[in-house]
Every structure is written in structure tokens, then in C-alpha cells.
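Place chain W on chain Y using the hints.
These protein sequences, in sequence, are chains Y and W.
In terms of the numbering used here, the first sequence opens at residue 451 and continues consecutively.
In terms of the numbering used here, the second sequence opens at residue 135 and continues consecutively.
Simulated from the structure, these hints should not be mistaken for lab results.
Careful: at least some of the hints might be erroneous.
The following label-pair restraints were derived from C-beta to C-beta distances [stated by the list, open to error]:
id, chain 1, residue 1, chain 2, residue 2, range
1, Y, 497, W, 256, 38 to 46 Å
2, W, 144, Y, 646, 54 to 62 Å
3, Y, 487, W, 230, 38 to 46 Å
4, W, 230, Y, 731, 40 to 48 Å
5, W, 164, Y, 496, 56 to 64 Å
6, Y, 674, W, 164, 45 to 53 Å
7, Y, 628, W, 189, 27 to 35 Å
8, W, 235, Y, 454, 35 to 43 Å
9, W, 247, Y, 671, 58 to 66 Å
10, W, 166, Y, 671, 49 to 57 Å
11, Y, 828, W, 263, 26 to 34 Å
12, W, 235, Y, 674, 34 to 42 Å
13, W, 242, Y, 728, 31 to 39 Å
Beta carbons are placed, not taken as given, at the ideal position from N, Cα and C, and that holds for glycine.
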Amino acid sequence: MDEALLRGLTPSVLTVLVRRGADFAAAEDAVQDALVEAVRGWPDDPPRDPKGWLITVAWRKFLDATRADTARRRREDLVEEEPPPGPAPSADDTLQLYFLCAHPSLTPSSAVALTLRAVGGLTTRQIARAYLVPEATMAQRISRAKRTVSTVRFDRPGDVATVLRVLYLVFNEGYSGDVDLSAEAIRLTRQLAAAIDHPEVSGLLALMLLHHARRASRTAPDGSLVPLAEQDRRRWDTKSIAEGIGILQAALARDRLGEFQAQAAIAALHADAPTAEETDWVQIVEWYDELTRLTDSPVVRLNRAVAVGEADGPRAGLAALAELDDTLPRHTAAAAYLHERDGDPKTAARLYTEAAGRASNLAERDYLTRQAARLNALLRG
Amino acid sequence: MAKYLLLKHYRGAPSAVNDVPMDQWTPEEISAHVQYMNDFAARLEKTGEFVEGQALAPEGSWVRYDGEGRPPVTDGPFAETKDLIAGWMVIDVDSHERAVELAGELSAAPGAGGKPIHEWLELRPFLTAHPSGEECLGHG
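Looking at chain Y on its own, in the form it has when it is part of the complex (with noise of 0.2 Å):
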């Protein structure tokens, strides 16, 4: 059984019962009970029509879950009822329940796992193992962001741009548990993209497409980090990055720029050069200074410096790299590296030392460290 294609139709089947007159905390606690009901009985049984199936059943689990709730009256007249067939679900109520699942009032945390369970259809307990925390607390978070939810109404439009941030924090999370975030994020990533026309959706889509399409080669056998210069370019997805670039050309076209368009234009023209030397820095630059005029944030003015130093020199970048704030992130690992290209390998090296007793992650730490130690050993001669 091919379980993406049957996470595939989450969306749809919960927006069938939310249509039918069933509150959504209500509605997605059924269809997750008809998902995990599938994963079970479809590979000896498959049904005919799975997208009938998971309505069906879906349907019956939240009429025996709101019979079961007695206080609620309310929601007893209503299971009398045959249900009414309601509108046909439609790209919009997918649309919507993106918009539901990324609303602004919910944490990034809380948004984050409410996407993966309701338009995701990944079961808590696959979420939690792949945020490593116990099942437990991705159940409380999850109940806790349905009822903040709760209150809003369904057809109300909501914020593209925070749809796009819920979605390139789960990519950002990468391989973790038995999930594969970066590629859910991509496949709930397309299916936006199939629900709404609009250039950035489409951006960051080419931007997860081009990244993703280097993941092979980005570590080495033994897990360490290998930096983008040294990659075996021939190891990268050539389909996923020439699908990448499609979108990306289409998006541009229309001349509505925003932050994931630029950031995929760099990425393309990464995975454009046949070689690193042949890799056109200067373009690069110019494409940090869109998105410096985008989103005027520290993390792009650190990464234009890194690119000034490879388009006009490691003075250049170190210069550029002195006008930001040098507890910034990677900061201090930037300069270590500008500093070892400007010929000073003694100030690189401990630099690098320093970087990666600031380092946020541990494959970061440890190749910084390595960095320190190569230079260390050939200063020693």
C-alpha cells in the first residue's frame, strides 16, 4: 500500500466531514481513527474506491465518537440525520485547512504538528518519534493547537506567508524517526501549490526541490558534513533539480518576487555550475541583495558576505562581514573561513575553534572542529 497516496486524500476527507456539519477537532480525530483502521485492513483488503472508503469509515467513527459523548446534545440531533451530501470538496477546502492548520494565533511548534496530523495525515505517534519527544506531549500539543483553532471559522481566507513558514520549518527538519520531513514537506508543498496559484508557493517549492535534490551528496558516508565546494555534483538529482528550475522560471515570470523565488534562485544557480569554480558568484550576490531589500534579515546579510568573498575576493567579504553583528550565528565560522582564503591560517584556525564551540548542532561542531584541526596540523608543519 502506497501510504503518501493515502495521506494524500487526508485533506479531502476531513473537509467532506467539516462540511457535513462536524467541528474540526471533532472531524480529524475521526479520519486520523479511519487512517490508522486502513494502514491495518488495506493491505490484505484494499478497497475499490479508497477516498470512499476513508469517508465512509471516517463518517461512522465520529457518529459513534459524538454518540459516545452524551453531554453533547447538540451533536446527537445531529447524527440523527442522514448526512446531507454537501458541496463537492473543492481545491479551496484544502486551501482553507492549510490556513486553519497555519493560523497565526498557533505557535510555530504547535502549527508545525497540526499541519503534519490533519493535512499530513501522519499519526502522532510518527510525529512525535520524529521531533523526539514523547507521544504523550505531541498529543497535548496537538489537542491544545485544535482548540485554539477551534474558534475560527473555516471560510475564512488566510496568510499564504504563514503557510509557506509552517511548511519550510518541517522541510528544515530533514530526516529524523522514520519520517522523511523533507520530502512530506515537498509532497504537502506541491499540493498547495495544486490549490492555489501563486508565485511564492511556487518558490519555495523549486527552493525544497533544488536543496533537497543535493541531500545525497551533502554527507559524507560517516555522517560529516561536506561542503557544498567539495560535493560530488554527480551524485545530485538532476530530474528534481531540472523540475526545480521549471517552477522556479514560471514563477519568476511573473514578475511578483518574493523571498522564496530569490532564495531558489540562488539554489539554481548552485546546481547550475558544473563545477564550484564555475559557480557565478556574481549573479549570487546580486540575488542576496533582492533578498537583503526582501527581508532585511542578519542570517541573508551574513551569507551575501560569504558570496562578496567569493565574487571579489576574501578582503571584500571580510570587510562586508565587519559590519554585522558578530554574535550572529555562524559569524564567527564565516570569518574563519574568509580569513583561511585571505591566506591567514592561523587566525582561520582559531577561528574555527571558536565557531564550533559556538555551533548549534553537532554535524556543524564537529566539521568546524575538523576545519581547526586540519589547519592546526599544517601549521605545525
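Frame of chain Y; chain W shown alone:
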């Protein structure tokens, strides 16, 4: 979405404001303290921020490898060890500010006289396994 360790020390932390050792408290004060800690953990579970909590015995031993075919060497406990961990709680929160807020609440656990201990807790961020996907320094 970042994990933090709240570390409680038997020894090695700066002095608390209400710095009366636990064996000088009344039994009721001890019960109130334990209740506060349990309630705190239960509340964090409800907010979806609890990962785990553990307490450690004050005394342990030191162990090290002693070469091929030889049993490990053990030593201690050393009474003079400056830093002694009493226990920890791991939380998963949306921001550093939230982690500080929660550590502050935990530090307010009641001690002698039923008053907050104002104990110093050490707050340490976890290193994640991998960088988040940002392009950086050509790492990406």
C-alpha cells in the same frame, strides 16, 4: 522548537536566596516541594513542552577503561568534586525566552518556610544532530 536541559545541582551552583538544606525543612515543606515539581511537570506535559525529567542519587563512582582484557577501573566517590548534578528536566519549547520563563518557574519551587527557594538552575541548549537546511558557508 528547541530542546533545553534544566539542570539542578546539589553542589556547584551559586547560592540560592532561600538557602536552607532540605533536611532542615518540615515534612510538610518537603511534601509541598515535591508536589510543586510534579505539578510543574504535569503542566508542561499538557502544554506539549515536556520531554523528560530525572533525579540522580548524590553519590556515584568514577569509571574508566584500563586496557585490553582488564576490568574497568573504578574510583570515588570524591567528596571534593565541586559540581554535583541532582537532576534534570528536558523541555521542548518555541523560544529561548520561553525556556528562561519555565526555568524561572521551576526555581520558584517552595522550600523552607514555604517560600520560593530562588535556586539557580543551569539552562543548556541541546545541540541538534544536523544543521537546519539554510544555505551556509557553502555547507549546503
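Comparing the hints with the structure gives:
1. 497(Y) / 256(W): 38 to 46 Å: 55 Å, violated
2. 144(W) / 646(Y): 54 to 62 Å: About 57 Å separates the Cβ atoms of residue 144(W) and residue 646(Y), which means 54 to 62 Å holds.
3. 487(Y) / 230(W): 38 to 46 Å: 42 Å, holds
4. 230(W) / 731(Y): 40 to 48 Å: 34 Å, violated
5. 164(W) / 496(Y): 56 to 64 Å: 60 Å, holds
6. 674(Y) / 164(W): 45 to 53 Å: The hint (45 to 53 Å, Cβ to Cβ) holds, given that residue 674(Y) and residue 164(W) are roughly 49 Å apart.
7. 628(Y) / 189(W): 27 to 35 Å: 31 Å, holds
8. 235(W) / 454(Y): 35 to 43 Å: 39 Å, holds
9. 247(W) / 671(Y): 58 to 66 Å: Distance hint for residue 247(W), residue 671(Y) holds at roughly 60 Å.
10. 166(W) / 671(Y): 49 to 57 Å: Between residue 166(W) and residue 671(Y), where Cβ atoms are some 55 Å apart, the hint holds.
11. 828(Y) / 263(W): 26 to 34 Å: Holds - the Cβ-Cβ distance for residue 828(Y) and residue 263(W), about 29 Å, lies within 26 to 34 Å.
12. 235(W) / 674(Y): 34 to 42 Å: Since residue 235(W) and residue 674(Y) have Cβ atoms about 36 Å apart, the given range 34 to 42 Å holds.
13. 242(W) / 728(Y): 31 to 39 Å: With Cβ atoms ~60 Å apart, the hint is violated.
The structure is inconsistent with the numbered hints 1, 4, 13, although it conforms to all the rest.
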